[in-house]
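Build the complex from these two chains, which are given one at a time in their own frames, with help from the hints.
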Amino acid sequence: MNTALKARASQVPGHTTTPSLEAQDVTSINITNASKIFQSWDGDEIVALEDVSLDIKENEFVSLVGPSGCGKSTMLRLLAGLILPTGGSVEIDGTPVNEPRKETGIVFQKATLLPWKTIIDNVLFPLSVMREMKPDSEQTAHDLLSLAGLGGFEKKYPDELSGGMQQRAAICRALVHDPEILLMDEPFGALDALTREEMALELLRIWTERPKTIVFVTHSIPEAVLMSDRVVVMSARPGRILEIIDVPIERPRTFEVEARNDFQKCAQHIRHLITGK
Amino acid sequence: MTSKNAPSTSAISSPASNKSGLAYQLRRIWHVGQDVVLPVGTFIALLLFWEFCVRVFEIPIYLLPAPSLIYAETAAEWSIVWGHTMATLVTVLLGFGLSIIISLPLGFALTSSRHVSNAIYPLLVLTQSIPKVALAPILVIALGANELPRVAVTFLVAFFPLVIAIATGLLSVPADLIELSRSYKTNRLQELLRIRVPYAIPFIFSGLKAAIALAVVGAVVGEFVTSDRGLGYLIQTSTAFFRMPLAFGAMVLLSIMGIVLFQIVGIAERILFPWSSSKQVFAG
Ligand SMILES: Nc1ncnc2c1ncn2[C@@H]1O[C@H](COP(=O)(O)OP(=O)(O)O)[C@@H](O)[C@H]1O
Ligand SMILES: [Mg+2]
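Residue numbers (my numbering), protein chains in the order written: chain A, -4 to 272; chain W, 133 to 416.
For reference, chain W alone in the conformation it holds in the complex (with noise of 0.2 Å):
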């Protein structure tokens, strides 16, 4: 909003400006390029600080590494270092995939009647009040040494706000639009499908953002209880060979994943549904 009013205003405020002039493409430049310039040189700046209190202060390694040396040593490893990206990329992906497959059926319950409501519902907060790292080697007992357990493991942590988020949206139809559709003589499968489910668009994806960055925490969890591969395993035995810069590093690739995977929700939202925006459910 602001870059695109920002250059407008400001050539009205100043008439005598010329257009091409440096001044104003600069100011232009500026404008547009704030809100990108701004959160990477604070970042930028951060990691230089970092860089430099590390030298400095000659903090050890096992304390903190430098960012350099985790760069480097990340570097040195990358063909190994990929290899576990990858494998915690695919539990992740599992994991969400799986939550969205259960979570639209367990929101479309959840809103269809109050007695499935109230029969689903305390068994929904169970799940999510028992702590996932206790019932994961459990769960690998259950279900084997292998993707599974940290599939499920996944899937516990993020599929609860995905549910909420559509049940929430399903409910939120105002009720004219559904007096109005039920006045075109609609059954329940196409209020449901019709008015209801684009309706909840914009709360659904809400929910699978949150899900996604839950999914990336879940992989992890379940690979530090049972794994021989991944992001997560790679910290566990880093730490215990006390090779801090990679298990840094490994931290590092993990939270880019779950900014690129966020993102991409974001996009898929607005490429396949240009008129939703999960900010309208923020903005009420």
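Next up, chain A with everything else stripped away, as it sits in the complex (with noise of 0.2 Å):
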């Protein structure tokens, strides 16, 4: 690994070996100058991202905010592979993204488990499919969904679950081969009020248990502040960000700190930068 990162780095003009392996080393995203224009189909070009420049560190966890159509969805597409910028750079490690990557997971806004395979099947379907499972994959599985709440459904199918279940379950295949890097598309957007926070906490508590670098889309503002480490703000048409928030609230957190003053600070400032009010 180490091996292939440096032969790659050497190719790249104006890379010195050595230390720009231990920058990479804390950073883990780097997203450069990029854009993305799609082709409508009668020919307009619709500009969806432009000129978006964010580094992520390891295991860090960010948060996207903004009004919807601002690019947030296309970020994480751009991340996960299933796109391709159209202008600048999006490296994880520093090696492009050019297509899917085995270390990244992601979560939709829909549990999006496939209705014939039980709970267990379901989260060991990356793997199955990426053709990885071992002896003890299982088993691994199984620790996940105890993690998540759901021990003992293992054998139930999606149907027999609640949404709020479903996407636990979601969450775990998205776990399940230990990706070193979460995407999560408004994970909890369809569920009620009380299982959103709750699960929040529970997110929370499992990223502790198994860091990762999570980014996460959320429209709620004190959801974002609670959980992130950063917060982007971006803009609407053209997609661009507009500020990049530190959370200054220590960890661990729990919903006590919604009544803080720092808190509400922060959450404030965010709606004033998407609403401008």
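I should point out that these hints are in silico values taken from the structure, not numbers from a laboratory.
Quick reminder that beta carbons are idealized off the backbone N, C-alpha and C, glycines included.
Relax, there's no trap hidden among the hints.
In silico DSSO-like pairs for lysine-lysine, Cα to Cα no more than 27 Å straight-line:
#, chain 1, residue 1, chain 2, residue 2
1, A, K129, A, K207
2, W, K341, A, K112
3, A, K260, A, K52
4, A, K97, A, K207
5, A, K129, A, K112
6, A, K97, W, K317
7, A, K52, A, K97
8, A, K129, A, K151
9, A, K207, W, K317
10, A, K112, A, K151
11, W, K341, W, K264
12, A, K112, A, K97
13, W, K317, A, K112
14, W, K317, A, K52
15, W, K317, A, K105
16, A, K129, A, K97
17, A, K151, A, K105
18, A, K150, A, K112
19, W, K317, A, K129
20, A, K207, A, K52
21, A, K150, A, K105
Incomplete in silico selection of chain W near chain A, CB under 8 Å:
#, residue
22, P306
23, D308
24, L312
25, S313
26, R314
27, Y316
28, K317
29, T318
30, R326
31, P330
Dropping the structure here:
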């Protein structure tokens, strides 16, 4: 792995091998002047992202917030390697993201579980489709499901579970191959408010137990502030980064912090950026 | 649903009622049985009404024979009628099997790319716009006076809804699910076999149900044009000799065959793919 990195780094002009490798140890995602222009069917160009730059450190929890259509999902799909930037670059550990990577997990707004598979088989799906099933994989899936409060539901089918439980299973599926990066596109958007809060804390707990880089898209400003190290505020048409806000609240966090002054101030600032009020 | 819930609701609404009481048991049987009792009862009533009308108004046999007469004449010729039934069944099953064998790859091809779809789809629609009855005599010349033209007509009548159902099912997979599978680096074959085909199962089964029902129609059309066996042939010869009760008997057997085959497809779905149910397709 290291040799591969070195080989690649040395091919890039202007890269000196050793220092840049050290720099890459702390920075896991580099989005540099990235833009994405979609061609609509009638030939119009839609600028979904324009000149976006963002560096995300390893094991950092970063949220993307902004009005709908500002390119949050586009940014995640770029990071997932599902689409390519039309300008600039998207790199993970110094390597351009040209295709989906095995070290990335994705969670969508809908659980998108396979209705014909049991919960445990859904969670194991990434391993089975990537031919990475190992003797202890089933145990890994069991442990994840227990961690997410779904112990005992392994043999159920998705439609036997509530929406919140399905989404937990989807999160377990995204974690089963132990990815370095977890991309979450409004993962709690389809849940009711109470389940949503509960899930947010649960995700924080899982993240504390198994640190990962998480890029989290949400519509809820308090949710973003509660969970993130940094909140990226975006604007629409063209999709740009308005400001990146550090959340100055120590961890572990619970709902109590939402009442605090610094929390309120932070949330207020983000709301002001988005709505202009 | 109703039959499952109804007994418990009635037990709750009248807490005094004894679960082992006769009234409760009767009500239970009524609730459970009404899904069966109502349609069967209506059917028997209709038969009785038919018999009654034919006898009272002395309707001539060549217009409308009485159910009792249909039964008597068909039963009298049972061994011959049974042979015809089996002959038709063979044609139906061969045509249905051929529909499956050809529709599956066609469905895959239609959804594989826009170009393939543009190339094949108009041809498919063309095969549907040709009247099968007109095509059948031509097929006899081309394929010979044997089972083949009948199977071909059956296939042509039955396969189209199946292809459409398969293509619709393969294309109705949510975009999220496709992105999810792509994010795990699946190739197109994996995507087809592990995501699209399983997702399309309920759609495919509603296509299969339409196809089996149409296969019975297609087989009869084939037999009308060229056959010396089968229920379609029996209807033709019986009407030629004004043996209306026998023609009606053949018709009844055809509809029974259609209903039984349709049910078998539904049962196969429930056994093989318990998570699937074509009802989901209609419920959206
Ligand atoms: N595949 C696509 N083709 C054309 N336009 C697209 C496509 N995907 C996204 N867009 C457009 O790009 C913009 C940003 O979309 P998206 O990233 O989904 O926004 P968000 O997730 O922030 O709501 C929108 O205007 C959307 O219509
Ligand atoms: Mg979005």
